[in-house]
Amino acid sequence: MSPARASAALLALAALGTVLARIWLSVSEGESLGAALWSLFRYFTLWTNTAVGLYAAWVAMGGRGSARLAGGLLLSILAVGLVYHLLLAHLSDLSGLEARIDDMLHTVVPLGYLAYWTGAAPKAGLGLRDLGLWLGYPLVYCLYAILRAQLDGVYPYPFLDVSEAGPGGVALNVLGLLLAFGALALGIQALARRMARGA
Numbered sequence: 013m014s015p016a017r018a019s020a021a022l023l024a025l026a027a028l029g030t031v032l033a034r035i036w037l038s039v040s041e042g043e044s045l046g047a048a049l050w051s052l053f054r055y056f057t058l059w060t061n062t063a064v065g066l067y068a069a070w071v072a073m074g075g076r077g078s079a080r081l082a083g084g085l086l087l088s089i090l091a092v093g094l095v096y097h098l099l100l101a102h103l104s105d106l107s108g109l110e111a112r113i114d115d116m117l118h119t120v121v122p123l124g125y126l127a128y129w130t131g132a133a134p135k136a137g138l139g140l141r142d143l144g145l146w147l148g149y150p151l152v153y154c155l156y157a158i159l160r161a162q163l164d165g166v167y168p169y170p171f172l173d174v175s176e177a178g179p180g181g182v183a184l185n186v187l188g189l190l191l192a193f194g195a196l197a198l199g200i201q202a203l204a205r206r207m208a209r210g211a
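In terms of the working numbering, the sequence shown is numbered consecutively and its last residue is 211.
Some hints here could point you the wrong way.
Restraint ranges, calculated between C-beta atoms of paired labels, are given here [stated by the list, open to error]:
1) 203 with 74: 21 to 29 Å
2) 36 with 176: 29 to 37 Å
3) 74 with 187: 34 to 42 Å
4) 208 with 22: 18 to 26 Å
5) 198 with 76: 22 to 30 Å
6) 179 with 73: 39 to 47 Å
7) 127 with 209: 33 to 41 Å
8) 120 with 51: 16 to 24 Å
9) 188 with 22: 47 to 55 Å
Treat the hints as calculated values from the structure; they're not laboratory data.
Even for Gly, the Cβ is constructed at its ideal location relative to N, Cα and C.
With these hints in hand, go ahead and build the complete structure from the sequences.
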């Protein structure tokens with residue numbers, strides 16, 4: 013197995029293993045599997061760690077990597093870590109296994125994927141046309157999170173809480189989020205072009 017596939021395999025184990033551990037923890041605390049999946053997959057963190065794990069598993073099994081998909085996942089998993097540590101970490105009061113899982117989802121996997129992308133992921137050919145896909149993912153997630161909250165009243169993140177911020181406030185929050193994603197995306201693309209030229 014090549015070093016790139018080996019690193020992808022390790023990343024897949026870390027990401028998917030952590031997601032499965034989080035689901036198992038919820039089930040072990042008395043939730044049904046269906047209830048655990050419904051509750052946990054309200055979070056962008058779980059969506060993105062799962063996507064990273066599946067992509068890494070595909071590469072580890074010999075699948076061809078895509079610069080567009082690899083870069084989009086980098087954008088989203090970095091956002092998971094940055095948003096958590098800048099805006100949400102102070103709201104968390106976890107301990108034991110739950111805290112370790114939280115560390116994996118918000119710190120270890122994002123840094124691990126950054127290392128994988130830097131060293132092994134394809135980077136050539138990225139451009140502005142890729143921004144639609146890259147920004148479409150968080151936009152679709154935000155719409156999903158807001159719509160599903162109408163069913164159970166639970167908003168996954170404070171900045172999406174329509175009951176607190178109102179529709180206009182949430183719309184501004186989502187717009188700000190997309191602008192921040194866009195700025196980070198442009199930085200990733202600039203770095204990718206520089207690294208591709210130097211390869």
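Here's how the hints hold up against the structure:
Residue 203 and residue 74 have their C-beta atoms about 27 Å apart, which keeps the hinted 21 to 29 Å range intact. Checked against the given bound of 29 to 37 Å, the beta carbons of residue 36 and residue 176, roughly 32 Å apart, stay inside it. Roughly 41 Å separates the CB atoms of residue 74 and residue 187, a value that falls within the hinted 34 to 42 Å. Checked against the hint of 18 to 26 Å, the pair residue 208 and residue 22 passes, with Cβ atoms roughly 24 Å apart.
For the pair residue 198 and residue 76, the supplied restraint of 22 to 30 Å holds, since their beta-carbon distance comes to about 26 Å. The hinted window of 39 to 47 Å between residue 179 and residue 73 holds, with their beta carbons roughly 44 Å apart. In this structure the hint that residue 127 and residue 209 lie 33 to 41 Å apart at CB is violated, the actual value being about 21 Å. Between residue 120 and residue 51 the beta carbon distance is about 22 Å. The supplied range of 16 to 24 Å therefore holds.
At roughly 35 Å, the beta carbons of residue 188 and residue 22 sit outside the given window of 47 to 55 Å.
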